[in-house]
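Colleague: Respectively, the protein sequence lines represent chains A and B.
0 is the number of the first residue of the first sequence in numbering that gives the first Met the number 0; add one for each residue after it.
0 is the number of the first residue of the second sequence in numbering that gives the first Met the number 0; add one for each residue after it.
It is worth saying that the hints were derived from the structure and are not from the lab.
The reader is advised that the hints may include incorrect statements.
Part of the chain A face toward chain B, derived, beta carbon under 10 Å [claimed, not checked]:
| hint | residue |
| --- | --- |
| 1 | Thr5 |
| 2 | Ala6 |
| 3 | Ser51 |
| 4 | Ile63 |
| 5 | Ala136 |
Just so you have them, the derived chain B footprint on chain A, three or more residues with Cβ under 8 Å [stated by the list, open to error]:
| hint | segment |
| --- | --- |
| 6 | 75-81 |
| 7 | 181-193 |
Label pairs and their calculated CB-CB ranges [unchecked claim]:
| hint | chain 1 | residue 1 | chain 2 | residue 2 | range |
| --- | --- | --- | --- | --- | --- |
| 8 | A | Ser24 | B | Arg272 | 28 to 34 Å |
| 9 | B | Ala57 | A | Gly40 | 33 to 39 Å |
| 10 | A | Ser24 | B | Val17 | 29 to 35 Å |
Quick reminder that beta carbons are idealized off the backbone N, C-alpha and C, glycines included.
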Amino acid sequence: MELFDTATVLTRVMTSGVVMSIEKSDRELPGLERLLTKRTGRAHAVLVNSRSAAVHAALAGQGIGHGDTVSVPELSPKDAAFLAWLGVEVADEPGPAAFEHIALDAGRAHLLDEQARALRAPALVVDLTGLGFGPAAALLTDDRTVWARAERLKIFGAYDLRTMWTQEESETDLIPGVQFNYRLSPLVAACARMALSQAVRPLTTGAPS
Amino acid sequence: MITDFPSAPLPLPSAEEVASELAALGGEALIPKELRRTLFPVITKEDVFNLMLSQRRAPEKVVADFAEAYRSYVGAAYALPTASGTSSLHLALVGAGVQPGDEVIVPAFTFIATAQAVVAAHAIPVFVDIDPRTYCMDPAAAAAAVTDRTRAIMPVHVHGLPADVPALRALADKHGIALVEDASHAHSARIGDRVAGSFGDAAGQSLMADKNFPLGGEGGIAFFATEEAHSRAAEYTVRHGIDYGMSWVAAAFGHSQLERLPYYDEIRARNSRLIADTLNSTGLFRAPYVPEGHVHAYNMYRITLLPEAVGLGDLPVWAVKEAVHELLVAEGVPAREWQNTPIPCHLPFTHRAGFGNGYPFTLNPGAVRDHRPEDFPATLAMLDSTLVLCRELRSPVEYERALRYADAFTKVARRPDAIRKLVEAGDYRRPYEKAARLG
Numbered sequence: 000m001e002l003f004d005t006a007t008v009l010t011r012v013m014t015s016g017v018v019m020s021i022e023k024s025d026r027e028l029p030g031l032e033r034l035l036t037k038r039t040g041r042a043h044a045v046l047v048n049s050r051s052a053a054v055h056a057a058l059a060g061q062g063i064g065h066g067d068t069v070s071v072p073e074l075s076p077k078d079a080a081f082l083a084w085l086g087v088e089v090a091d092e093p094g095p096a097a098f099e100h101i102a103l104d105a106g107r108a109h110l111l112d113e114q115a116r117a118l119r120a121p122a123l124v125v126d127l128t129g130l131g132f133g134p135a136a137a138l139l140t141d142d143r144t145v146w147a148r149a150e151r152l153k154i155f156g157a158y159d160l161r162t163m164w165t166q167e168e169s170e171t172d173l174i175p176g177v178q179f180n181y182r183l184s185p186l187v188a189a190c191a192r193m194a195l196s197q198a199v200r201p202l203t204t205g206a207p208s
Numbered sequence: 000m001i002t003d004f005p006s007a008p009l010p011l012p013s014a015e016e017v018a019s020e021l022a023a024l025g026g027e028a029l030i031p032k033e034l035r036r037t038l039f040p041v042i043t044k045e046d047v048f049n050l051m052l053s054q055r056r057a058p059e060k061v062v063a064d065f066a067e068a069y070r071s072y073v074g075a076a077y078a079l080p081t082a083s084g085t086s087s088l089h090l091a092l093v094g095a096g097v098q099p100g101d102e103v104i105v106p107a108f109t110f111i112a113t114a115q116a117v118v119a120a121h122a123i124p125v126f127v128d129i130d131p132r133t134y135c136m137d138p139a140a141a142a143a144a145v146t147d148r149t150r151a152i153m154p155v156h157v158h159g160l161p162a163d164v165p166a167l168r169a170l171a172d173k174h175g176i177a178l179v180e181d182a183s184h185a186h187s188a189r190i191g192d193r194v195a196g197s198f199g200d201a202a203g204q205s206l207m208a209d210k211n212f213p214l215g216g217e218g219g220i221a222f223f224a225t226e227e228a229h230s231r232a233a234e235y236t237v238r239h240g241i242d243y244g245m246s247w248v249a250a251a252f253g254h255s256q257l258e259r260l261p262y263y264d265e266i267r268a269r270n271s272r273l274i275a276d277t278l279n280s281t282g283l284f285r286a287p288y289v290p291e292g293h294v295h296a297y298n299m300y301r302i303t304l305l306p307e308a309v310g311l312g313d314l315p316v317w318a319v320k321e322a323v324h325e326l327l328v329a330e331g332v333p334a335r336e337w338q339n340t341p342i343p344c345h346l347p348f349t350h351r352a353g354f355g356n357g358y359p360f361t362l363n364p365g366a367v368r369d370h371r372p373e374d375f376p377a378t379l380a381m382l383d384s385t386l387v388l389c390r391e392l393r394s395p396v397e398y399e400r401a402l403r404y405a406d407a408f409t410k411v412a413r414r415p416d417a418i419r420k421l422v423e424a425g426d427y428r429r430p431y432e433k434a435a436r437l438g
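Just need the whole structure built from these sequences, with the hints factored in.
Modeller: Quick look at the structure:
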């Protein structure tokens, strides 16, 4: 993304005065969520502050926790270490993937749509860190329960960022046992949204085959 | 253009308005609805310019320079910038040597992140009551909770008032365990010349944009007294594949904010004095207690109600509190309960599912307790009898707004008859009998 565009986005958000994810009037996080769901065809997006947070959300969203075993093809050493820290074992035998992942950077942001549509796991981890605005990621899913649990994981079990101050709800199994602050900054979200909005397929040369 | 610039100024205070009918009973509110928005944080041209410049620098350098500048301000030996206050607390515990299954003593009154950070470290939070005047961890209660498996004591500098660090330090030294601060409310808070975050073997601190010292959204920082502790925490994230890094966007915003922090501190201290002078003259209200030699940062301002002072001593204090709360909110003062239930009685610590299948609680079943709210009488007494202002004393709260808040307390305190009527007509419950609130 051009520096001028980044400067414009950051200035716009700071002029609004809304730089906190817990502000009711924040529009940047919902804006990025809408873009991601539209591009990928997934029904729900959970924005978080890092790739490992998105992996955690993908597993916790499916009710997978300490002592459980999952199948994750092509697991990186870093993700494997993180799963071990969570106490989640990786099956030796191949099986349906618990999650799949996409890592985006400035040169690959235009590939989000087609990559996401080619993947079938119930939870899709999209690492946005490579876009250049700091650690950022998203969990995408079609499953409302996965989304609901992941949203609660990232903000101390609360219902959502705008009504975050009570844990009371009818479905107590949605409340995670261990809870984190995995919230993403609206400033970072605004920059990521602009970068994804501007992502275009590079021009190619040569005769069509 | 969407802007946070105020749409209109508040009118100057007026004695006639203070003497007028309560807003809840049909009078005019002291702060009109359209003028109630509390702006925070202050965002200036310096913040914008600094972010512009930071775009041209290496992101890791922006974060490292911010962390070094703030470490120097706090006076801690080592610092590790993080993505959130919770992650900073987690790494502070790890740096202090907390291992899976260890017990960590925490106060029953705090934000839930304090206890969740202990679980994140695969350790067991052991809850103790608070001091009835400071609302921070009671050293005697902490002493009674120490066992052979205790690895750390983690006091919280509640609302910005430093805990009784000398007593807790002595306790930790006596047992050879670590003192880890939760300084998330306590930016610039001091005991003597030392700043919160530099007292303990390690400390964690939230820097989210709702704190006295705000970064650009979310952030935190862990402090360590030794290089060994710092290295242990840094290595831990790498070994376990945990991404706790701070965004350069948040850090750049914080760098320019840091230069204005002393100004913000003075504004908060001034506004706190102004409100305290008024509260202490009303009879019904009492300002926060600050021990000699402590500097309160006033991230929040917890006000005690004294119903007996205005002839309401026969009524339950929690009912008086709730009625007063209603009257204050009607006047345009955004007073809050900020917590209503001891943390060990929140769902995660009654169900104790942890990371799944009860881990890490299963590592040390002897440390686990099924608590009732009554186990923490000082916490309950505080929850029953206090109300909280949050952003309402911070810059850029205008002087006339602070005066109007003070006038609202005066106006409500003059009407014990209205408070009694509300209590007698209302169906009020004790705070912890309602759904547990995070804040």
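Colleague: Indicate, hint by hint, whether the structure satisfies it.
Modeller: Going through the hints against the structure:
Checking threonine 5 (chain A) against chain B: minimum C-beta separation of about 6 Å stays under 10 Å; hint holds. This hint holds: alanine 6 (chain A) has a C-beta 5 Å from the nearest C-beta of chain B, less than the 10 Å allowed. Because the beta carbon of serine 51 (chain A) sits about 4 Å from the nearest beta carbon in chain B, less than 10 Å, this interface hint is met. The restraint placing isoleucine 63 (chain A) at the interface with chain B holds, with a minimum CB-CB distance near 7 Å, inside the 10 Å limit.
Because the smallest distance between the Cβ of alanine 136 (chain A) and any Cβ of chain B comes to about 8 Å, under 10 Å, the interface hint for this residue holds. For the segment 75-81 of chain A, the stated coverage by chain B holds: 6 residues have a C-beta nearer than 8 Å to a C-beta of that chain, and at least 3 were required. With a cut-off of 8 Å between beta carbons, the segment 181-193 of chain A has 8 residues touching chain B; three or more are needed, and the interface restraint holds. Distance hint check: the CB atoms of serine 24 (chain A) and arginine 272 (chain B) are about 32 Å apart, consistent with the given range 28 to 34 Å.
Separation of alanine 57 (chain B) from glycine 40 (chain A) is about 36 Å and conforms to the stated range, judged on CB atoms against 33 to 39 Å. Here the CB-CB span from serine 24 (chain A) to valine 17 (chain B) is close to 32 Å, well matched to the stated 29 to 35 Å.
In terms of the numbered hints stated before, the structure departs from none.
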